[in-house]
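**Q** Position chain V relative to chain W; hints supplied.
Spelled out, the chains give:
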Amino acid sequence: MITVTGTPTLTTDRLTLRAPHPGDLAAFIAFYATDRSHFTGGPKTLREAWNYFGTQIGHWVMRGYGMFVLTRTGDDTALGIVGHWHPNTWPEREIGWVLFDAADEGQGIAFEAAQACISHAYDTLNWTTAVSYIAAENTASIALAERLGASLDTKATPPPSTIPALVYRHLSPSLISKNPPRRAGQPQAQPSTKGAQGATSTNVSSRASASAGSPTGGAR
Amino acid sequence: MTSIPTLTTDRLILRAPAPKDVPAFATFYASDAARFVGGPLSEAETWRYQCQVIGHWSMRGYGRWMVTLKDDDAAIGLVGLHNPLDWPEPEVGWYIWSGTGKGYATEAGRAARDYAYDTLGWDTLVSMIVSGNDASVRVATQMGAVRVEDHHHPVHGAMEVYRHPGPQARA
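Read top to bottom, the protein sequences are chains W and V. Taking this note's numbering, I'd label the letters of the first sequence as residues 3 to 222. Taking this note's numbering, I'd label the letters of the second sequence as residues 4 to 174.
Just chain W, with the same shape it has in the complex:
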């Protein structure tokens, strides 16, 4: 079995964020077959989605960080992807999020996951700033960015993209530590580091629907 090694696992109150593995392919492909994926580069054909999943795995090796698969702790089913993204022609490093299924929205899951990723970016990856690139029409994602404390940065350059993107800049590390964004009743995320791995196997679960994350049209 060939694995991507050394990828961390982040855990929050309810969620486990782990490296993508082939068992997540079916959920990923199903999501990218739907219109819900259009803010994040979809819809994609089966071939494109399969290749793009490979890109997500390879990004971990190329950058040392990447997009996690978002799961509920205790249930390994992939609910979405969230994490750190920086293709080589992008102006800045991004924190992105996607929930595959609309049914998982409205529970603060994306918020909780994104918050953990912001902490990880600042505390572990030592980023000094982070943005999210969001399609102007992606109101759900914009609302989430704002709930996280991010604000529109009209001076920043968006990435090359078929869908024009807005740049939301997240709170700086010092502001996060002074005034951590949190939802009522939710303690702050606590990233933890465990070894993770890619694996081989395929499980099929079909879910779909976009929500947030980066817009970037064909680019992603």
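Watch out, some of these pointers could steer you wrong.
[Stated by the list, open to error] Anything over 12 Å on all C-beta distances counts as not near chain V; from chain W, calculated:
{"#": "1", "residue": "E94"}
{"#": "2", "residue": "S121"}
{"#": "3", "residue": "S153"}
[Said to hold, decoys possible] Pair ranges (Cβ atoms, derived):
{"#": "4", "chain 1": "W", "residue 1": "T130", "chain 2": "V", "residue 2": "T9", "range": "32 to 40 Å"}
{"#": "5", "chain 1": "V", "residue 1": "D153", "chain 2": "W", "residue 2": "E50", "range": "21 to 29 Å"}
{"#": "6", "chain 1": "V", "residue 1": "S6", "chain 2": "W", "residue 2": "T91", "range": "22 to 30 Å"}
{"#": "7", "chain 1": "W", "residue 1": "P93", "chain 2": "V", "residue 2": "P91", "range": "35 to 43 Å"}
{"#": "8", "chain 1": "W", "residue 1": "T159", "chain 2": "V", "residue 2": "S34", "range": "23 to 31 Å"}
{"#": "9", "chain 1": "V", "residue 1": "S34", "chain 2": "W", "residue 2": "T47", "range": "26 to 34 Å"}
{"#": "10", "chain 1": "V", "residue 1": "A161", "chain 2": "W", "residue 2": "T47", "range": "18 to 26 Å"}
{"#": "11", "chain 1": "V", "residue 1": "A77", "chain 2": "W", "residue 2": "S176", "range": "41 to 49 Å"}
{"#": "12", "chain 1": "V", "residue 1": "P170", "chain 2": "W", "residue 2": "T79", "range": "35 to 43 Å"}
Think of the hints as simulated: they come from the structure by calculation, not from any bench. All values derive from a computational prediction rather than experimental measurement. Glycine included, C-beta positions come from ideal geometry on N, C-alpha and C.
**A** Just chain V, lined up with the frame of chain W:
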């Protein structure tokens, strides 16, 4: 960052693709020489494609290596076992972008084929060659592969399928 194995031949090392290979890979894919293997590609596309090459290892359990000379870690080609979703079966593929004409593709291709047969236990292999890629056909032929059928690929267009001799008969 990965458990991709390293292979060694007389003159070459086949190792995991790495971030340091980005410039060489991008230069090759920006050139007309990449026309038989999906190029030319932009810098952005090539970077993502290199990610895919790495991801393929995780998704399939095998994949393609960057080829280097033994005394120089600069990547001179990409060779190995390739089976994207829309391929009819796993192939051994090669492209060498630096030091062509020295038999490196054949040498690396043999190492990849040996890995498929001896380590993975496969009993057959093809090479999918875009029509007109005479240099690649010469490599396949040198390795004892023979043209068995044609294949139409939605992106690559007309391809020729060369079947390699099996583990017992390999040349």
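**Q** If any of the earlier hints don't hold here, list their numbers in rising order.
**A** Hint check: nothing fails, all pass.
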